[in-house]
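Residue numbers (the working numbering), protein chains in the order written: chain U, 1 to 251; chain C, 1001 to 1308.
Worth flagging that the hints you see were computed from the coordinates, not collected in a lab.
Cβ coordinates follow ideal geometry from the N, Cα and C atoms, glycine included.
Just so you know, not all the hints are guaranteed correct.
Partial chain C-side listing against chain U, Cβ under 7 Å, derived [said to hold, decoys possible]: (1) Arg1077; (2) Val1081; (3) His1105; (4) Arg1115.
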Amino acid sequence: MFRGALSIWGRDMLVLRRSIFSELIAVVAYPLTLYLAFGFGLKGYISEVNGVPYPLFIAPGLISMTAVNAAFDESSWSMWFHRKVQRTIEEYRVTPVTVYDIVIGKIFSGFSQGAIKGAVVFLVILFLTPFRIDYGHLPAYVLCLAISSMTFSCLGTICGTVIDKPENIGRVQSVVIVPLIFMAGIFFPLSSYPASILPLIRLLPTTAVFEGARDALLSGSIPPQYFINLVVTAALCFALAVYTFNRKMAE
Amino acid sequence: MTHAIALNEITKTYDGFKAVDRFSLKVARGTVFGLLGPNGAGKTTLIKILTTLMRPTLGDAFVEGFSILTAGKEVRRVIGVVPQENNLDRYLTARENLILHGRLHGMRASAYNPRIDELLEMTGLASRQHDFPDTFSGGMQRRLVVARALVHEPRVLFLDEPTTGLDPQSRRALWEHIRGLRHSMTVFLTTHYMDEADALCDRIMIMDHGESLADGTATELKDAFSRAHVLQVEFRDDGAGYAEKLAGLPFVRSVERNGATFHITLTGEEAIKPLMDSLAGADIRKICLKEPTLEDVFISLTGAKVRE
Ligand SMILES: Nc1ncnc2c1ncn2[C@@H]1O[C@H](COP(=O)(O)OP(=O)(O)OP(=O)(O)O)[C@@H](O)[C@H]1O
Ligand SMILES: [Mg+2]
């Protein structure tokens, strides 16, 4: 069962291993720039948010952002590339593996990319940051990160499956994914929102991703409403991704 | 005996357009079967249906006795596929492409490695096995796709235009490989090259607009169409005066003129004598009966017009 998914995931990891250094440099550069620019550039203006030093306030969100972006990127572009450019999906589909093997293999590849890249950014920020975190909080944080990467990998898979034109994948990223990420309060506390829309913002899956991650890293536990949100969203996205891919392949 | 391939009134419609229309066919095991047809005839559509990439709108088909509708996985276990366009993984080396294929077929390293060595040797790619396919020539890529389709020793091999774009040497080398497979598996190929079908296939089917038009060995097809009676007549002068006269004769189906040479297609054998009578007195340099080639059979069945 799922041997095919494992083979496809293995192929993606082999390819990732070949280019890991250049990928990591590219992927670390962006959050690190944000971290230095906001965390240290603004330090004189914003010293703390709710008692948390500002660089520490934004660090968990930046790490999560790297992870979920990497997961989305990998899943969407890889699915599109293998489907439309290389047509390797067709090669997979004339072997005994099922469409479930293919979509699950691809989702786990996106997830793995997110996890690896998130972990590296975590280590780099940890190395640069003057604050020490409580290592006992790590399991909850990693769990939050893993579920979030899964969700975004599924979303990426859906985009890569239904979108045929590459420019449209870029548009989804800049119109949907980036605003969702920034609205979720990586750089500011949610209390900055007017009280009237705050309940809505709290319901966003990305809020659960970023607020949940911050709470997990700083306090060691994910608030229940965020945890439920994360798990339900991930489960829904997974089911939707598998369903969408299955439908597309039956065309 | 189960047939290697059996299609039962397969129909495929793309938004109202019938690409394949109630197509039925049985191919015996061990045959090299060639499917010929102009662009858009429906060849690739049929292969996609038989390899479970696409579901037919109506009808069912069986590969080695397994239904493509209900036993897709079993079908895929016994088939090898060379698609019309190469779909190699350019981020994997030639060997890794073959290994991934073996793994997707559930093979263990101890099973696929010797087989891959053998196939790389057979296709002349052994020395390039650790290179990436985008550094290969078109012919080498094609051979790699063929090798990949053979890793798991399929019982039925589908090849969609396997030699398009290859030089004569590579084409012949590939023909040799395919001939060598003849007894161990059934081969279903499509091609636009009549000489290829003639040289390679035990059985040929010509199709157009989603329907079969003729079916048989190359010799049978040619024999059946030699009754079309094409005469080649060459005049000593330019023969301009005869063009209209010939075309107007009731027993002449068509006249094709190329300078002083005319290709005259008659309605039947009995028309030869009246044609001679009407040409009496003409200054003829040469007159002969043309043996049809497979290409003539193809053109007479599918028409001379280029497809959109
Ligand atoms: N995905 C599709 N959507 C709509 N029409 C299609 C699709 N695929 C094929 N067709 C149409 O179906 C018909 C048969 O196409 P098919 O690819 O099977 O032809 P073919 O015989 O393989 O041609 P060629 O020799 O050019 O490869 C064509 O008229 C084509 O335009
Ligand atoms: Mg075709």
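Results for each hint:
1. Arg1077: Given a least distance of 5 Å, the restraint on Arg1077(C) holds.
2. Val1081: holds, 4 Å
3. His1105: holds, 6 Å
4. Arg1115: Nearest chain U Cβ about 15 Å off; hint violated.
In the structure shown, a violation is registered for the earlier hint numbered 4 alone.
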